[in-house]
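Generate the whole structure from the sequences, applying the supplied hints.
2 protein chains.
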Amino acid sequence: MENIIIIGSGPAAHTAAIYTSRAKFDPLLFEGLMAGGVAAGGQLTTTTEVENFPGFPNGISGPELMDNIRAQSVKCGTRIKTLTVNRVDLNKKPFKVYTDEGEFAAKALIVATGATAKRLNITGEETFWQRGISACAVCDGALPIYRNKILAVIGGGDTAIEEATHLTKYASKVLLIVRRDVLRASKAMQEKAMTNKKIEMIWNSNVLEAIGDKSLSKIKVLNNKTNQEKIFEVGGLFYAVGHTPNTAFLDNQLKLDEFGYIITKPGTTDTSVCGVFACGDVQDKKYRQAITAAGSGCMAALDAEKYLSEAK
Amino acid sequence: MENIIIIGSGPAAHTAAIYTSRAKFDPLLFEGLMAGGVAAGGQLTTTTEVENFPGFPNGISGPELMDNIRAQSVKCGTRIKTLTVNRVDLNKKPFKVYTDEGEFAAKALIVATGATAKRLNITGEETFWQRGISACAVCDGALPIYRNKILAVIGGGDTAIEEATHLTKYASKVLLIVRRDVLRASKAMQEKAMTNKKIEMIWNSNVLEAIGDKSLSKIKVLNNKTNQEKIFEVGGLFYAVGHTPNTAFLDNQLKLDEFGYIITKPGTTDTSVCGVFACGDVQDKKYRQAITAAGSGCMAALDAEKYLSEAK
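One line per chain: the protein sequences are A and B, in this order. Counting in the working numbering, the first sequence runs from 318 upward without gaps. Counting in the working numbering, the second sequence runs from 318 upward without gaps.
It does not matter which identical chain is used: a pair holds within one copy or between any two.
Listed below are the simulated BS3-like cross-link pairs for lysine-lysine, each with C-alpha atoms no more than 27 Å apart in a straight line:
hint, residue 1, residue 2
1, K424, K514
2, K547, K535
3, K409, K509
4, K424, K341
5, K542, K435
6, K623, K582
7, K582, K572
8, K515, K623
9, K603, K572
Read the hints as simulated data drawn from the structure, not as lab findings.
Here it is, written out as structure tokens:
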């Protein structure tokens, strides 16, 4: 039986692993195999330059930062299995963790499975997913299929504007399709969108359909004020409409909020089940930064350590 | 008038500065001049190797990590004044900050002044500080110089026992040096200390002197009941006699707990005064790690940003 099993592969998971490894709890970490639709390493692997993770004055690429953190985790002694956890049993102790290659038991569990970008389930979405539709402008925007085309971004928050701005590097024009007649984004980001001549705002609009042949070539857009439909020729459609926490595998054995995020006791990583701790974006819909995830990973490690030494 | 004044110079302060600078709030940061008895940069400047700050697989020295974070903060646009804040006025807005070189006003304030490990001022303490003497078992215990040695911990509270227990993973034996003939610690923690075969209690004792050559090798201990002195061979001496949060300059204008730590609303950096945020060790007596401090600095930045954009 394991002392601690950590489920996840981002900064929260590996910071928890670094701390529990150094404290000689010999943790076992499941990094998942495209779990949540994202490669091991989590959302950082889908970003380019990271300027706000403290410690790197010249910036560092997301994948490189994550490689560093994983290497540090391994160096501290973390055992890693590249297996997706399909389900868990938290009803009795030891806790059980089920994968395609068998089950594992642990005295304590740290859940750090993150959150995944949301989809809209519009007509044609499945057909053109990754054939013109993407949830990550930063990862996919540079692909040849998107070069010098008109591209569309759906969303009205900071992320949508970040992605639209990023895409202006490759696109001839970027349409920012906003559901309402205002942006949810911060003032600074709004100004950034408004002053970028390559970005055109499409207000009060919903994308109804993705249309194309082998790849996406058009979108049908409804103006929800006038009820008029319009076809836009686009070479790509990027979703920036929020995230879904990766908690389905828990099958409601932990208390979740209305959006599916794990509820932790504020200021701790304690979940509704004693001995199960949660950290990173899977329990944080507010801050959602690599550095806050890492900080909470450390908290989960120390909380688990305390739990295990008191439990004996 | 400033948008945001940040008081502090450690990972919490500079992460808050990096985020608020990038968000174009043009923060002004006071790093203090040996404030709290520690150089600008905070407690990291008094550590050697840091193995548990994620992102550095080969470790990084505390001062180098802090230099990096400060450089990144400056590069993002943070204006830094090397001035100690003597007092503040939080009774009306804008908040006032008083230094030897005049007063400053700000719409929002981030307090990240940290905590300072209490010292005992024994003979040799200055000489062997971080050369065998440490104030943080969790940070330093895993370092090679402490492996398989007899280690001593000074203190009788929960933290002392936690640190002693933590050290038993690396040490051949841990001496817990207690001033009185009882422990201040909770029952559960006392039992934990008593039943751990690697922990030996040294009751009614005060450490008089730290002795060594290049690094600590012995301590001289006085039994305050019998008045006998004894030399113990040790590879490390860990102070667990508490920290002092650097909150005196606040003059009780923020709600503090019984130990002087700023009370924040759990899961946020909100203090008892709207528009004043606290992050890092000045509000955290539980986790107290560089990475948790940095995470909370990011939270303070985002909380302050939200406050300022909603304020007008």
